[in-house]
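From just these sequences and the hints, can you work out the full model?
Chains as they are written, first to last, in full-length UniProt numbering: chain A, 1 to 285; chain B, 1 to 285; chain C, 1 to 285; chain D, 1 to 285; chain E, 1 to 285; chain F, 1 to 285.
Errors might be hidden in some of the hints.
Unchecked claim - Which stretches of chain A does chain B cover? Using the computed rule of at least three CB atoms under 8 Å from a CB of chain B, they are:
#1 37-45
#2 199-212
#3 224-235
Honestly, the hints are just simulated from the structure, not real lab data. Every residue, glycine too, gets a C-beta built ideally from N, C-alpha and C.
Number of protein chains: 6
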Amino acid sequence: MYFYKEDLINMIVPDKPDPAAAKVLQETLGGQFGEMRTMMQFFFQSSNFRGKEKKYRDLLRAVFLEEIAHVELVQNTINQLLNGAGDSNGVGNAGIDGAPLNDAIKDANPHHFIMGAQSSLPVDAGGNPWNGSWVYCHGNLVADMLNNVVLESTGVLQKTRIYEMSTNKALRETLGFLIVRDNAHQNAFAKALETLGVEWGKVFPVPNYDINKYPECKKFVDMGFHNALFNFRLDQDLLGEIFNGQTPSRNGGDLNIMQPPVGYPVPQMPEMPNEHSPGLYDLNN
Amino acid sequence: MYFYKEDLINMIVPDKPDPAAAKVLQETLGGQFGEMRTMMQFFFQSSNFRGKEKKYRDLLRAVFLEEIAHVELVQNTINQLLNGAGDSNGVGNAGIDGAPLNDAIKDANPHHFIMGAQSSLPVDAGGNPWNGSWVYCHGNLVADMLNNVVLESTGVLQKTRIYEMSTNKALRETLGFLIVRDNAHQNAFAKALETLGVEWGKVFPVPNYDINKYPECKKFVDMGFHNALFNFRLDQDLLGEIFNGQTPSRNGGDLNIMQPPVGYPVPQMPEMPNEHSPGLYDLNN
Amino acid sequence: MYFYKEDLINMIVPDKPDPAAAKVLQETLGGQFGEMRTMMQFFFQSSNFRGKEKKYRDLLRAVFLEEIAHVELVQNTINQLLNGAGDSNGVGNAGIDGAPLNDAIKDANPHHFIMGAQSSLPVDAGGNPWNGSWVYCHGNLVADMLNNVVLESTGVLQKTRIYEMSTNKALRETLGFLIVRDNAHQNAFAKALETLGVEWGKVFPVPNYDINKYPECKKFVDMGFHNALFNFRLDQDLLGEIFNGQTPSRNGGDLNIMQPPVGYPVPQMPEMPNEHSPGLYDLNN
Amino acid sequence: MYFYKEDLINMIVPDKPDPAAAKVLQETLGGQFGEMRTMMQFFFQSSNFRGKEKKYRDLLRAVFLEEIAHVELVQNTINQLLNGAGDSNGVGNAGIDGAPLNDAIKDANPHHFIMGAQSSLPVDAGGNPWNGSWVYCHGNLVADMLNNVVLESTGVLQKTRIYEMSTNKALRETLGFLIVRDNAHQNAFAKALETLGVEWGKVFPVPNYDINKYPECKKFVDMGFHNALFNFRLDQDLLGEIFNGQTPSRNGGDLNIMQPPVGYPVPQMPEMPNEHSPGLYDLNN
Amino acid sequence: MYFYKEDLINMIVPDKPDPAAAKVLQETLGGQFGEMRTMMQFFFQSSNFRGKEKKYRDLLRAVFLEEIAHVELVQNTINQLLNGAGDSNGVGNAGIDGAPLNDAIKDANPHHFIMGAQSSLPVDAGGNPWNGSWVYCHGNLVADMLNNVVLESTGVLQKTRIYEMSTNKALRETLGFLIVRDNAHQNAFAKALETLGVEWGKVFPVPNYDINKYPECKKFVDMGFHNALFNFRLDQDLLGEIFNGQTPSRNGGDLNIMQPPVGYPVPQMPEMPNEHSPGLYDLNN
Amino acid sequence: MYFYKEDLINMIVPDKPDPAAAKVLQETLGGQFGEMRTMMQFFFQSSNFRGKEKKYRDLLRAVFLEEIAHVELVQNTINQLLNGAGDSNGVGNAGIDGAPLNDAIKDANPHHFIMGAQSSLPVDAGGNPWNGSWVYCHGNLVADMLNNVVLESTGVLQKTRIYEMSTNKALRETLGFLIVRDNAHQNAFAKALETLGVEWGKVFPVPNYDINKYPECKKFVDMGFHNALFNFRLDQDLLGEIFNGQTPSRNGGDLNIMQPPVGYPVPQMPEMPNEHSPGLYDLNN
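Have a look at this one:
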């Protein structure tokens, strides 16, 4: 069973509204290699795990647990980018005759304004809805772990590309955190394959980049987050039997399990009267 | 952030392998009105919530948290139904010449044997993959709550229909538990609408059935689960400001918040050599 | 604007419940070349028509109007095939312990029992939902008319194949009627292309079959339905400027416009208590 | 059977070409909560209706009939918005070297220029094709009616959001008419639930807006269209047994059945030589 | 079996980077009437051909073989349009702080920069992925050939519309070549229907355009490419039994089979460090 | 450009009609990890390749070329399994009253009889159409090669599972051949990663099986096909710079490039009058 403490796993850095940035960041939420995919893939792989080697199951579940928090982080970041968009007179107060949303749909995902009340959606950067066929769970440990390595590597690859699309600080802080964490998860699944005999040489990290290249990443590297898994278990597990010793990454260092970050407040979002959201302001009067 | 204790929210009752039952039970997992939909819908609604009325957000999150455990329960039930299917000589030991999976695909979802290693998939009873467009999150509190009522009502409706398709005890125990819980969640969202002025008369529960009709439900009704929400929070919330007082259901009783069920073991699943799952048996020798 | 008289365009012939027949007949309702496609394709082509040659627009709308009635006819036929399925003790009265739906899902579409209350769905024989991308409306008259010829030809082709899959009289009567009407519509679009200079030789009907081969067709051929369009207009149109003179079909005869069939009663369907449909029986007591 | 008189249910107000407005208005045509969905949902619900309470079936069919006219109205509005787009030298006469469509694809749906000949498509604002899985028809009267309330409420909610995206008069006139009619249909299904015991309090209309806020709506409210159903039947029905007495809306007033609007001309659209539509101008010379 | 010589079937003409042109040209690659569709449709029709009339099978395969080269040509053209996009300081060298991809996503398909490393994708102009349901292969020769005529006609129709959207020379050269070749394939399938008795009059080419209207087409018409099929067979076939004599097109001339074009170099694409593609530059140092 | 010699890459072994086997074998043709996916993925990866390391591009193209022949082989195998299905009186001669297709749809894909004329379709074992979003082509060489390893490994894994579902010799011969070839392609991409520094230990082949376990495989292993790539180039390439030396597989041996198999006849398929395929029998009389 799953328990919750109302904390985000990283902070939301305020910056100006940016619906174009929100559009592309959707890839990281609802795309084929986004956080909803990683969350659901590791959920199915851990629930469907066969055999006695429980340590692999525990590894899968450990990453799954963090991915739920990643989904929540990206949802909140997209919401931050959409708050105040399309509104020249302050949040939610533009009049009808100004067609206040007119500008917002340029280079934006129109569903952010039609379906979501200027908030996140389970779709990718092209507006395609999340699809269950993306979940890879074939029940063969080697195949599943190799796919997980590809999934995490593609996650980093896409995030570095999206990072360079925008200088918006809300977008970059979140991507910086997630790039480091994807690196840690890449290490986790690569390490699991090392227990099966693979030696990776210098192939990781994929893509081939300097993890300190992005300023937003560096502070997390300094905290050792690229070589750590967080412990979200309220009971004991066998995670440490796999995730220990030398990292499979060129970046070096030892793998270790640590407590989750301290936690950051979940933002209270402003009302959006022009979106009729939440739409209770009159009823309560 | 999300924390985990390795417990199922209800027990898995063993019964004979039954891939046809597994096929239809997929609707409850990956269907348009299944547990993955409820989980993701309430996740998006709580993350995207606007305004100060935090009690509604807390309600949405409370149900979301339980839905994660529901997904895990249905995954494990489907796995139980598939364990040993297609195998006349004991789990996983049938030889090639017997084409041991031959019978299993009659009336079954062939992907249970080709993609999943005889385990659950994120698809519905017709094999259609889960789709993000099903998530309803329009940010208008009344519309969202009405949709949630429809979603939970349809969940019960489908589950009673699937229940009657099979006498398999693993399927019926899980559905019995979920029918009662859907009833509680129907009550939760109906109650939220009562705070906005709606009087439901005798319209609930939808569908119009006797909740004690199914023997597997009765024990949970006796425990009051149809009028309860479970508390999965490690901090404080405002859930009780909505979920209290008289139930909106014809069944009567008062609403209350209680601790989660005691928890049941997550099954260790047998290896499936003929599915090459987990596929490590030789490497370990 | 659209007006309605509660009449089916052909009769529903009773026969035994047959969910496997209902499953394959869905192709004729919600398939890529089914009646929903023809209905929507001719709707878009008539609304989007450009230029002064109004007679083509009137032709498109004439066929569109009949296709609405075709959709309704196939919906009712599928419902007839599903009434009483999965129920050994009379319609809707089987008890729980009998798992009355158990047999019904063999070779059936499980969604007929989970989503529809044993009634029709907007999906094809494989359970794939109807999809708007199937509508061909490119605004070029020749291309659109050629596509319409392919669409109607494929409609007949599929219907003859489905006809031979089952001896159920409800299925065969409806398909017999629709095969003759598709023939008439094939003639209509082929004739439109004759006005643009094409001579078809002996290529029609496609497929190459004897239209009297199926006993259910013959009575409609005797009534001239294969060379007729029905007049559903409450005002005047220019349909007769295209649809007149010799048929483009090897079957010979002259084309003419006639009044619609006399009309047949829309069946009142039995309640299905085990499907909770309509689910009002208790409330009304 | 279905009959037709060549009239639009409301007028098309001319304004300048606006492909960005056409793009977002597609949501109202082919979106998950657009007019094609309402049309097909009420078609399936009326054809699949079970039991003797024919008045509900008649209600469903009454709304279905109007929705066909709504689809046609939105198709014509989108066409109006696309006529003359991408053409600086007058409709259809721009030469090749000017790349006349070049500007048109900025912020537009490119399929409006590639697939449709600058005309409407069965897709939503994001270009996703209409999908049959959106049709809700579970055969349980309460569940179906609740879903219909959500569907009509979401329709109004989206239309008010799209209205504010553009000042184009063609778009606003059509949306103004449809907002009032969705309000009437919301009232119809809410009233049906009142016959089953629900008291709605002040919850309707959803969203919580002043129906006279939009100038285009006011004239229809003055005509009583928000509390009326139109009679498109050529025979008798039982619609009046449900749709009578006090409205369930805060706006007040009595429900009544009236004749359809007088009807407005279906526009003849200009040829588009650069789209090769209809492509007959040379053949006819 | 299939053999390859590293040659493009037409040249790639260099012009400036143009991601908006790349976005719309995707329709020609991965759209419902694009080159992937023609390639796969003729592949399935030739493999699934029934009966002794091998000449039709050979015709289908001849066109299939050329379509593989068409897919490759459009892939390379899209890549040419994307090389250097989003990069003011030379290919791949822009720094992070410039957010070098920022401009590239305006009016572009964001997946060209997130999924493809600025290269082609199997999607259409709206970003919808290629879909197998588009392949028409019903096994009835007349229906299949009629559909092929519609497919090739729609291909030309769309290509002329896309041609007029942009003056980019890389886009126009490729479309000019493909328009002429689609014309030849239209002739091929029309001719096949002539062997079955159809006389086409002046209906072809569809759309009704002057094939010399586009300067890029004229040189290929002068070479007779509009009335030719290329011979990609390493053994003998019966293609000439159908494809000979007078063209079915108004453009006149005789049909003939010729050797493929001489072949043009496959471009070597520049590295894209900011896309981490190929991502080997450091490892090799 | 692509050239063809009318030869299958392996033989079609006749056995009895078996539509259930045809249904599951569709996974190998049109499934997410089937031959159409491998064909298109390597096509896009080779066309989109960036940089000077042409040897990797040549490797990708070499495998692409063979995959076209694999698609053709599986199409022909499915056709062989469907020839004569649903026909008790000899191919294609059953009369109407016998409902000759009746039995065929049990456990079959109904589209094999409605859309295909008892022939192959671009869909998977569940009837889902092939989808372009499955193609992985991110342009990062390491990520692409890792995904290719997963793709080929999953291909073998699924094929061994499907092999055990049926004793039909047509199905088993084709799968036996493809399992060995997938092994060779797994080796090829694993070897490419070895050039980048990875040491695989004993992880390959995935899944962990004895390649001689299936009798149909053994003859190909004896011919060295598991360690070979076939040369389909009519010009020179650099394939040998990667594909040489020791295999990365536990099975041992050296990698080498050899000529393609001698080639086997493409079957001429019988006419299917009851499917109206090809439908020319009367016209030719």
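Any hints this thing doesn't respect? Which numbers, in order?
-> 2
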